[in-house]
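A.B. asks: Take a look at the letters that make up each chain.
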Amino acid sequence: MKLIYEKSVAGRRAVRSPRRTVPGRELIQKRLLRTQPAELPEVPEIEVVRHFTNLSRLNFSVDTQFYPLGSCTMKYNPKACEVVAQHPGFVGIHPLWPQLRGGGQLTQGALRLLYETERLLAELTGMAEFTLQPLAGAHGELTGAMLIAAYHRDRGNAKKHIMIPDSAHGTNPASAALAGFQVVVAPSTAQGTVDVKKLKGFINAETAGMMMTNPNTLGLFEPDVRRIADLIHAVDGLMYYDGANFNAIMGRCKPAEMGFDVCHLNPHKSFAAPHGGGGPGTGPVGVVERLRPFLPISRVVKTRDGTYSLDYDYPKSIGYVAPFYGNFSVLVRTYAYLLLLGREGLRAVSDHAVLNANYVLNKLKDIFPAVSDHCMHECVLSAKSLVAGGVRAMDIAKGLIDRGFHPPTVYFPLIVPEAMMIEPTETETRETLDAFIQAMRDLAQTARANPAALHAAPVTTTVGRLDEVAAARNMDLAFEGKFLHPNGVL
Amino acid sequence: MVATIMTQNMAFQANSPADDQAMLATLGLAGIDELFAAIPPDMQTSAFHLPAGLSEMEMTRRLAELADANARNLVNFCGGGFYDHFIPAAVDALAGRAEFYTAYTPYQPEVAQGTLQAIYEFQTAMTRLTEMEVANASLYDGGTALFEATMMAFRITRRRRVLIDEGVNPIYRTMLKCYSANLAFEFVEIPLRDGLADRAAFQAQLNRDVAVVIVQNPNFFGCLDDLSDLIAEAHRSGALGIVSVYPLALGIVKTPGAMGADIVTGEGQSLGLPLSFGGAYLGFMTTRKLYVHKMPGRLVGATQDAQGRRGFVLTLQAREQHIRREKATSNICTAESLCALRALIYLSLMGKTGLVEVAELCAANASYGWQKLTAIPGVKPVFHANFFNEFALSVPANAADVISALIDKGIAAGFPAGRYYRGMESVMLVAFTEKRTKEEIDYLAAALEAALC
Ligand SMILES: Cc1ncc(COP(=O)(O)O)c(C=O)c1O
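Protein sequences, first through last, are from chains C and H.
So for the first sequence, my numbering puts the first residue at 218; every next one is plus one.
So for the second sequence, my numbering puts the first residue at 567; every next one is plus one.
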């Protein structure tokens, strides 16, 4: 498709500017102004509408396709949550209003929503208190790692390392490093869970804590989590829970009861807030009692007269991790989802997420070896048996596209060769799972009979496999009007 | 019988109880609990003090009650870096397409060309708006973007000292301090001089240890500056210049690119995103091609398939956490893609002329407001610099009290500078967008005058 800039024709426009109601003009000196207007598109509204409507149709999405992207929990995003989030009483409020003297009255509904969301998340995880400030999962990790650092600083502990399993998502080590820690990689056993014996050898007085996700990124519950927590706590370390996989256990287990001291959740996964093609998300962080003083400010508090206000009086707080109170528009969706599901509904989520994942695993493990015979909310299969014939996990992924399925995650976990991480979620029907299973089985057959067909996939999309090496070499990151398209095919 | 009861509990679970039974039978299991056998029983609990689920109607009613408990129809002159601009209907209509908002980060390019091309177009728009060479796909917000830019400057210069102007949004400076707690770097805050960056004070602090000079234009007090000389001075001592900007103002304001900036960051909220109580917002960053490998965040590049068809992919991923882990340029993964899409749609609708016009309208409203408000006895401008759409006034009273009194008149009259600046208890910041009318500005002036006597 042409770029919006390639559709631009001088003199065309979409909006009509509002009439000037004030006399006089702006009084800015010329040296402070730009010399040329920015080269933005000149297009009528209908062209803008067609452009973006047609662009949207080039995407696979949850509303159009099965999207079993492991670790990402691409479940259905209820329309009711979208609609309530657009309420003018939510979208129109300025974040500085409650900071004005007497301004709390202007945003009582919003503050109450935040307060109640925090309480619900605390109950679901067993944590004492939550902050909703972090703006995505990785931002929650960073916040959590900073809370761990603040705790140790306050206690005068000289800590250096954070333990992170080799199966962990890349954000875990990256976040720990940004909070000033060195990362020690905790190896997994052949069964895919943390090797406690080896871990023990790494833990010492300088261990600040350990980051884990449970179930881990292989879709396996870490059975030794409490023993690990004891080992870490014995050196006054803290346990961090990456909640990306919370969909497996919500309504059934509380991270605090597994021995975790800090956790983040991913409402844009577990609580059905849409992912937006790469955000916005949120990453609420919960802590046990002894970490409460370090939480970011502001805090939303309920006062004795039943009203809600902001409190900044936490001298040990790490400060502001975000400008305001988190990604509010995403938190509205989160709260709405939690209300819709309620106690039984949230437990039913994990029940069915795990059932669906095991169903897929059970029907595919004979042809794609799995790490384990059972899984939690996602399963990791390997395409390594096809490698000898020249087919890799990525080829299976591309083959799935031609059959109308979004591929599973294939870029991690790093410890499984040719990994395909499949997370069906609870919102998919048995027929959809069966169709996906059939497609996977067919592709395994094609891989053996006609690998070239898979190398050519996908053929049903508007572009085939793209030259990523050329992309990195040419670094064409912005349109300068110089792009050559040899065939003229756009 | 049982089936009906279970269905009640099964909001958004796709299968029926009969499906569950059939699937469990396939697995050779008698009940769902067996699926959780790997979890030690003492880690499983049923003690959740959570409310029972609601129907869609009940939930919608509850949320409407909460929304209605927030102020509506307040005439807003409160800015502080976050502005009440008009959003054309097509922004919501297009960004509200589920093919965009229910997709993930575009890891599989063939089925994400919509998102990828939009990001490429967004990157293009941001480079043109700031007159820089490259832009990333988005960061969380303007404050975290400034932190990321600071870290980037450390990687480029291998120095660890920061000179930051006190005209940079105090919320962002507070955030930077929060993030710096565990990282060995040093902050020096340089006080303003008559509302603008104090050249002599910067010069006195600039030396071979300084990694970066951070400024904002227009600054927190709304003042406009040409920072070219300061950035050139920074370059002379081997430091970089970061400019944090208000992107809508760039419709008319001199660009950071033209001032020689090395990294530009900002809050994209003004480009088609509602105020929404502080989020979701849009952090952005642009820089020079020279520094692209040091940049955080996703980048989309144009390339071709085997048939020579143009397509778009995530590129230069070796910078990112999923490959480099603890050595990555940032930990960011999920960012603000849908907000970037909104900004792109907004900029496409406004177009080359429309963006200039809306920026001019904001500035014209502010000029008129300045005349009206400074005509009130005892009300004086704090600084003499030119401003874009916001300025600082000193009032003969406590500004927080004055603003508070005006809330009862249905006006959010501004933001009290004393909240973040010591000694500025009588100063209020007043902001104007294209949404404010002459009538509203006259009403503000009358109400302020009445409140002061
Ligand atoms: C296991 C795990 N941890 C952390 C993250 C990071 O979350 P976010 O993308 O919201 O920053 C992800 C996201 O894919 C994940 O799968």
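For the record, the hints were derived by calculation from the structure and aren't laboratory data.
Some clues are possibly wrong.
With a straight-line cut-off of 25 Å between C-alpha atoms, the simulated PhoX-like cross-links for lysine-lysine are [to be verified]: (1) H:938 <-> H:860; (2) C:533 <-> H:1004; (3) C:377 <-> C:417; (4) C:224 <-> C:247; (5) H:946 <-> H:893; (6) H:975 <-> H:1001; (7) H:938 <-> H:743; (8) H:938 <-> H:975; (9) C:377 <-> H:975; (10) H:938 <-> H:893; (11) C:519 <-> C:580; (12) C:377 <-> H:743; (13) C:415 <-> H:975; (14) C:247 <-> H:938; (15) H:946 <-> H:975.
Quick look at which bits of chain C chain H covers, simulated, 3 or more residues with Cβ under 8 Å [as the list claims (entries may be wrong)]: (16) 246 to 259; (17) 289 to 297; (18) 326 to 339; (19) 427 to 441; (20) 516 to 528; (21) 672 to 684.
Here a beta-carbon is modelled for each residue, glycine too, at the ideal position from N, C-alpha and C.
A.B. asks: Would you mind marking each hint as holding or not holding in the structure?
C.D. replies: Here is how each hint holds up against the structure:
1. H:938 <-> H:860: violated (48 Å)
2. C:533 <-> H:1004: violated (47 Å)
3. C:377 <-> C:417: holds (16 Å)
4. C:224 <-> C:247: Between residue 224 of chain C and residue 247 of chain C the Cα gap is close to 32 Å, so the pair fails against 25 Å, i.e. violated.
5. H:946 <-> H:893: At roughly 52 Å apart (the allowed maximum being 25 Å), residue 893 of chain H and residue 946 of chain H break the hint.
6. H:975 <-> H:1001: holds (19 Å)
7. H:938 <-> H:743: violated (38 Å)
8. H:938 <-> H:975: holds (18 Å)
9. C:377 <-> H:975: Violated: residue 377 of chain C and residue 975 of chain H sit about 55 Å apart, past 25 Å.
10. H:938 <-> H:893: violated (55 Å)
11. C:519 <-> C:580: violated (51 Å)
12. C:377 <-> H:743: holds (21 Å)
13. C:415 <-> H:975: Given that 25 Å is the threshold and the Cα spacing comes to 67 Å, the pair is violated.
14. C:247 <-> H:938: Judged against 25 Å, a Cα distance of about 24 Å means the pair holds.
15. H:946 <-> H:975: This hinted pair holds, its Cα atoms lying about 22 Å apart.
16. 246 to 259: holds (count 12)
17. 289 to 297: With 7 residues closer than 8 Å to chain H, the region 289 to 297 of chain C meets the three-residue bar; holds.
18. 326 to 339: Coverage by chain H holds for the region 326 to 339 of chain C (5 residues, Cβ < 8 Å).
19. 427 to 441: holds (count 3)
20. 516 to 528: violated (count 0)
21. 672 to 684: holds (count 8)
Checked against the numbered hints above, the structure breaks hints 1, 2, 4, 5, 7, 9, 10, 11, 13, 20 and satisfies the rest.
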